[in-house]
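When you get a sec, could you build the whole thing from the sequences and use the hints?
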Amino acid sequence: MLKFKKGVVYLLFAIPVVTQLYPLLWLLFYSLKTNEEILDGRFFSLPNAPQWQNYKEAYEAGNYLKYLSNSVLVTGVTMICVILLSSMVAYAISRFRWKYGTVVMTVFLMGMMIPMQATLLPLMVIFKNVDILNTHLSLILPYIAFSTPIAVFILSGFMKGIPPEIEESAYIDGASIYRIFRSIIVPVSIPPMMTVCILTFITIWNEYILAATFISSERLKTLPFGVYTFVSQYSVNYGNIGAFLVMGALPVILIYFFLSGQITKGMVAGAVKG
Amino acid sequence: MKVLKVPAGTIAVFVLPCLLLYVCLVFVPILVSFYSGLLKWDGIANAEFIGLANFRDMFANDPVFWPSVRRTLLYALASMLEIPLCLWMAILLHRYLKNGSRLASIYFTPVILSVVIIGQLWKTIYNPTSMGGMLNGVLVSLGLDSWTHNWLTEPSIAMYSIYLVSLWQYFGYHLLIQYTGVTNIPEEIYEAAKIDGAEGFKADRFITMPLIVPIFKISIVLAFIGSLQAFDMVMVMTGGGPAHATDVISTHMYNSSFLSLKYGYGSAIATFLVAVCLLFTVVINFFFNKLENRYS
Amino acid sequence: MVRRAALKPLAVILAAVMALSLAACGNSGKSDTAATEKNNGAAVQGSSSDKKITITFQNIYPDPTTPSHKTLNELVKQYEADHPNIHIELDTLNTDQQKVKLKTQAASKEVPDITIVNPAAQMKPFVDAKLFAPLNDMLDQNGLKDTYQSGLLDYYSFDGNVYSLPDGNNIEVVYYNKELFEQAGIANTPTTYEEFLNTVKTLKAKGITPLAIGEKDSWTGSFLFMNILLRTNGGPGFLQDVMDGKKTFEDPAFIEAVDSFQELVQAGAFPDGATSIDANAGGNIFKSGKAAMWVIGSWETGAIDASSVAGKVGAFQFPTVNGKGDPDEFMLAPGSAFAISANSEHLQETKDFLNYFALNFPKKQFEFKNAVGLGQKVDGDLKAAGYSDLAIEVAELFNNVKGGDLAFDNTMNPATAQVHLSSIQNLFVQKVDSAQVAKEHQAAFEANKE
Numbered sequence: 044m045l046k047f048k049k050g051v052v053y054l055l056f057a058i059p060v061v062t063q064l065y066p067l068l069w070l071l072f073y074s075l076k077t078n079e080e081i082l083d084g085r086f087f088s089l090p091n092a093p094q095w096q097n098y099k100e101a102y103e104a105g106n107y108l109k110y111l112s113n114s115v116l117v118t119g120v121t122m123i124c125v126i127l128l129s130s131m132v133a134y135a136i137s138r139f140r141w142k143y144g145t146v147v148m149t150v151f152l153m154g155m156m157i158p159m160q161a162t163l164l165p166l167m168v169i170f171k172n173v174d175i176l177n178t179h180l181s182l183i184l185p186y187i188a189f190s191t192p193i194a195v196f197i198l199s200g201f202m203k204g205i206p207p208e209i210e211e212s213a214y215i216d217g218a219s220i221y222r223i224f225r226s227i228i229v230p231v232s233i234p235p236m237m238t239v240c241i242l243t244f245i246t247i248w249n250e251y252i253l254a255a256t257f258i259s260s261e262r263l264k265t266l267p268f269g270v271y272t273f274v275s276q277y278s279v280n281y282g283n284i285g286a287f288l289v290m291g292a293l294p295v296i297l298i299y300f301f302l303s304g305q306i307t308k309g310m311v312a313g314a315v316k317g
Numbered sequence: 113m114k115v116l117k118v119p120a121g122t123i124a125v126f127v128l129p130c131l132l133l134y135v136c137l138v139f140v141p142i143l144v145s146f147y148s149g150l151l152k153w154d155g156i157a158n159a160e161f162i163g164l165a166n167f168r169d170m171f172a173n174d175p176v177f178w179p180s181v182r183r184t185l186l187y188a189l190a191s192m193l194e195i196p197l198c199l200w201m202a203i204l205l206h207r208y209l210k211n212g213s214r215l216a217s218i219y220f221t222p223v224i225l226s227v228v229i230i231g232q233l234w235k236t237i238y239n240p241t242s243m244g245g246m247l248n249g250v251l252v253s254l255g256l257d258s259w260t261h262n263w264l265t266e267p268s269i270a271m272y273s274i275y276l277v278s279l280w281q282y283f284g285y286h287l288l289i290q291y292t293g294v295t296n297i298p299e300e301i302y303e304a305a306k307i308d309g310a311e312g313f314k315a316d317r318f319i320t321m322p323l324i325v326p327i328f329k330i331s332i333v334l335a336f337i338g339s340l341q342a343f344d345m346v347m348v349m350t351g352g353g354p355a356h357a358t359d360v361i362s363t364h365m366y367n368s369s370f371l372s373l374k375y376g377y378g379s380a381i382a383t384f385l386v387a388v389c390l391l392f393t394v395v396i397n398f399f400f401n402k403l404e405n406r407y408s
Numbered sequence: 221m222v223r224r225a226a227l228k229p230l231a232v233i234l235a236a237v238m239a240l241s242l243a244a245c246g247n248s249g250k251s252d253t254a255a256t257e258k259n260n261g262a263a264v265q266g267s268s269s270d271k272k273i274t275i276t277f278q279n280i281y282p283d284p285t286t287p288s289h290k291t292l293n294e295l296v297k298q299y300e301a302d303h304p305n306i307h308i309e310l311d312t313l314n315t316d317q318q319k320v321k322l323k324t325q326a327a328s329k330e331v332p333d334i335t336i337v338n339p340a341a342q343m344k345p346f347v348d349a350k351l352f353a354p355l356n357d358m359l360d361q362n363g364l365k366d367t368y369q370s371g372l373l374d375y376y377s378f379d380g381n382v383y384s385l386p387d388g389n390n391i392e393v394v395y396y397n398k399e400l401f402e403q404a405g406i407a408n409t410p411t412t413y414e415e416f417l418n419t420v421k422t423l424k425a426k427g428i429t430p431l432a433i434g435e436k437d438s439w440t441g442s443f444l445f446m447n448i449l450l451r452t453n454g455g456p457g458f459l460q461d462v463m464d465g466k467k468t469f470e471d472p473a474f475i476e477a478v479d480s481f482q483e484l485v486q487a488g489a490f491p492d493g494a495t496s497i498d499a500n501a502g503g504n505i506f507k508s509g510k511a512a513m514w515v516i517g518s519w520e521t522g523a524i525d526a527s528s529v530a531g532k533v534g535a536f537q538f539p540t541v542n543g544k545g546d547p548d549e550f551m552l553a554p555g556s557a558f559a560i561s562a563n564s565e566h567l568q569e570t571k572d573f574l575n576y577f578a579l580n581f582p583k584k585q586f587e588f589k590n591a592v593g594l595g596q597k598v599d600g601d602l603k604a605a606g607y608s609d610l611a612i613e614v615a616e617l618f619n620n621v622k623g624g625d626l627a628f629d630n631t632m633n634p635a636t637a638q639v640h641l642s643s644i645q646n647l648f649v650q651k652v653d654s655a656q657v658a659k660e661h662q663a664a665f666e667a668n669k670e
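Chains as they are written, first to last, in this note's numbering: chain C, 44 to 317; chain V, 113 to 408; chain U, 221 to 670.
Some hints could be false.
[Said to hold, decoys possible] Here are the simulated lysine-lysine pairs, BS3-like style, with alpha carbons at most 25 Å apart:
hint	chain 1	residue 1	chain 2	residue 2
1	U	K589	U	K365
2	U	K290	U	K319
3	C	K49	V	K210
4	U	K271	U	K290
5	U	K350	V	K152
6	V	K152	U	K426
7	V	K210	C	K203
8	U	K603	U	K589
9	V	K306	C	K46
10	V	K152	U	K319
11	V	K152	U	K271
12	V	K117	C	K142
13	V	K402	C	K48
14	V	K402	C	K46
15	C	K49	V	K306
16	C	K99	U	K290
17	U	K669	U	K466
18	U	K290	U	K669
19	U	K344	U	K571
20	U	K272	C	K109
21	C	K203	C	K142
22	U	K544	U	K421
23	U	K344	U	K466
24	U	K350	U	K421
25	U	K544	U	K467
26	U	K297	U	K344
27	C	K109	U	K651
28	U	K532	U	K510
29	V	K402	V	K314
30	V	K329	C	K203
31	V	K210	C	K46
32	C	K109	U	K290
33	U	K365	U	K421
34	U	K344	U	K669
35	V	K306	C	K48
36	U	K571	U	K583
37	C	K48	V	K152
38	V	K117	C	K203
39	U	K290	U	K571
40	V	K314	C	K49
The set of hints was computed from the structure by calculation and includes no laboratory data.
As the structure is a prediction and not an experimental result, all values here were calculated from the model.
Dropping the structure here:
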């Protein structure tokens, strides 16, 4: 009986594995098929002969490396800034004794409710006036701004749960607050920071509306923009589209599997204890 | 615990850079957008202040608006109803597997894929029988021919098809959150309860549930806000069609602003969207605070 | 120290807020911030020829396999080689992205040096906002004006000024797959709507999708519907009459058109799930030989010749409907057009480039086998240049054109057009009372009248 129950539970675990991993496999097969095989419409089938030249063609037509390096730059700078800025705010909110802590927190939380599309036009006006349109800054700044609410939310939740005694004694011993922050708080907050990294990374890596609107120079464009244009317009060869999609998703998948051990540790670590 | 008394200057250094950036690039734009909601403006020239007329049109004269609100709220409801299921799975994962986090990470993968990929995939699943759609293919092979549908183009069904994709995509997201919450509950509590004779579902009812409430709340709020802003998914799958049958608030806002060139009107919809988000978040918070108080 | 480092970006941001509050009050039409120069500092000094100048060219030809993409890129490369001080920055987007981007840019008066707009009603808001430079002087240089077909530039002119230059001039035709027609035993192409419906039914009975369409992009269905309306109205000008107050949408001609269109839907003419197929994918149904007919603009001729059904395709005129209309009247589709920003920092250089570009555009298109539907006269014989039979057939249809109508969204304002588009899209998925459709149109028209 117990064994039977265990079997049912394992089956229950297995079903989502199939449904959730399937798209990756599907995409991989898709990218290796000929047009005829794809249009044939059979849902699950291995490619007859893997069409590796789909990748070659997509690589050549899609300006991949340029877009990739831009994406890495924009996403990288954004993530560093988000981590740094939001952990400082989170620390201030969870530890400092000051009047406006709750207000600041509320203001940040409200940000989660603001749809990015509604700010497109005002942002355009701002960026025109400070003259940073068509630079990477015009992506990095709003990306940071839109990522901070959830980051502050997660990090402050965690920091509230850190036992305050060490800091107190360090503070009494005369360590500066910057030092406490750098050498006590930051090291123990690595797990939630990883979570923030992953969440920020996913959103920004796939963002294309701002990217398409604020960037005009080919040499500055980012990967999701390239993927989107490629998919919706490059009508001749579906396999090429699939190959480009795989190449676009590859960095995210790699990073995710590299960091996924961390994400479970940090997701909401503090909220339970705090 | 607010323990550190620090000078105002230090607080400023910690808070202001982030806060100013955020206020200037998120808050000010949305305020400008609120103001635009009071204009009759095509977004290009000829702005004219018309007070609350856009809101009057929105509430009284727009045949697309209320149905899109209804669909959005249903969307939110569906996403929130998924969370108990995620919690249940998370509890099982924790109980039956030593390293459940690996599995939780696998469930998470659809979240990291771009919506373009997800859209392509699910379109091939939902395709009509004549184009070899998988779902219909399966139904036919089970002898259920009468159950086949054009999942994305029949107005009465299309929206539910999109809900399903979202539920599928965010299943892993909420499961992971719940799982982390469950694993963070100290083992000792369960052991103590075991001595008192509480095990299995009884332990879940009296230990896991109360302790998971804060995490549960996070999931609910995230699911709610996420589905209210659902945009990309609808755009990629149906573009809000056929004939607005799958329009949600955010796509209606976008189409009004940029296709119908009624930017002022679109901004009014954005105002409404933010207001609904705020209102419900307050309600959810209120509800959960009560719940937490009852348990503690 | 920490503080100072942190405060510097703050200054920038504060400046931003102030700038914004100015801008928010100032969307009254004039560009008061023209003094702000591009970060590209070299730009300022005017046109002395050794200064490096960058011209931004927003365009909608991202697919490298299309003739238009090749034409554009070759001409740009050639021009840069001839004018080493000029760099043309291509901002290549797909159609949807470009529409939204241009509208966003227009709101902040930040239109790129060269951009792309659609004719008539669709470009009017931009012209009204004085965002585009008049091109009359430039058209007179090198005889550019005379290369355009007579009357074509009228679609791009307001108050006697030409504001943009079209990339083509097309008509709506019915392409058909001869092989599939043969398979279904259809000998003749239909000339009346009754025959057309019968053709559809015969094909359907043979298991062949009669008409390809991608109705997720709702202009495709509207384009077809308007052709029916052109017939039931007995000739062009229905929408103009509505705008002039001479007719309403509840006119019998409009209701008849809706009914006829619904007959087509009821006959199963369109692929299943048409409203979730985007325009490109819809075209591919025909181009991959899976549908027998495709009602679309003649701009697809080149693409069909490059697809797997090349050589099997012919084209015919849209049939008469209930004995009304003249098959030699077509839905006219004057192409997307190149416009120059009125605030361009290098207005003269941009005009010079566009002049060169427009003069050489038809020649290049001709070379790339894309001369069908050109808006400009071009020397050369299609047959001698090795064009396909289809291209020659379509070109002959052009010779018969007696007149016609523009697409709905080129005639009515955007808000009305959106209601129309989704109302037609609705016909694909459910049977609707045609009087109701008419009423819906009329209400939208009146609500959005200027």
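Verification of the hints:
| no. | hint | verdict |
| --- | --- | --- |
| 1 | U:K589 / U:K365 | holds, 23 Å |
| 2 | U:K290 / U:K319 | holds, 22 Å |
| 3 | C:K49 / V:K210 | holds, 14 Å |
| 4 | U:K271 / U:K290 | violated, 28 Å |
| 5 | U:K350 / V:K152 | holds, 19 Å |
| 6 | V:K152 / U:K426 | violated, 53 Å |
| 7 | V:K210 / C:K203 | violated, 29 Å |
| 8 | U:K603 / U:K589 | holds, 11 Å |
| 9 | V:K306 / C:K46 | holds, 22 Å |
| 10 | V:K152 / U:K319 | holds, 20 Å |
| 11 | V:K152 / U:K271 | violated, 43 Å |
| 12 | V:K117 / C:K142 | holds, 11 Å |
| 13 | V:K402 / C:K48 | violated, 36 Å |
| 14 | V:K402 / C:K46 | violated, 41 Å |
| 15 | C:K49 / V:K306 | holds, 21 Å |
| 16 | C:K99 / U:K290 | holds, 20 Å |
| 17 | U:K669 / U:K466 | holds, 15 Å |
| 18 | U:K290 / U:K669 | violated, 41 Å |
| 19 | U:K344 / U:K571 | holds, 21 Å |
| 20 | U:K272 / C:K109 | holds, 24 Å |
| 21 | C:K203 / C:K142 | holds, 17 Å |
| 22 | U:K544 / U:K421 | holds, 22 Å |
| 23 | U:K344 / U:K466 | holds, 23 Å |
| 24 | U:K350 / U:K421 | violated, 51 Å |
| 25 | U:K544 / U:K467 | holds, 18 Å |
| 26 | U:K297 / U:K344 | violated, 32 Å |
| 27 | C:K109 / U:K651 | violated, 50 Å |
| 28 | U:K532 / U:K510 | holds, 13 Å |
| 29 | V:K402 / V:K314 | holds, 23 Å |
| 30 | V:K329 / C:K203 | holds, 17 Å |
| 31 | V:K210 / C:K46 | holds, 17 Å |
| 32 | C:K109 / U:K290 | holds, 21 Å |
| 33 | U:K365 / U:K421 | violated, 47 Å |
| 34 | U:K344 / U:K669 | holds, 14 Å |
| 35 | V:K306 / C:K48 | holds, 21 Å |
| 36 | U:K571 / U:K583 | holds, 19 Å |
| 37 | C:K48 / V:K152 | violated, 64 Å |
| 38 | V:K117 / C:K203 | holds, 16 Å |
| 39 | U:K290 / U:K571 | holds, 21 Å |
| 40 | V:K314 / C:K49 | holds, 19 Å |
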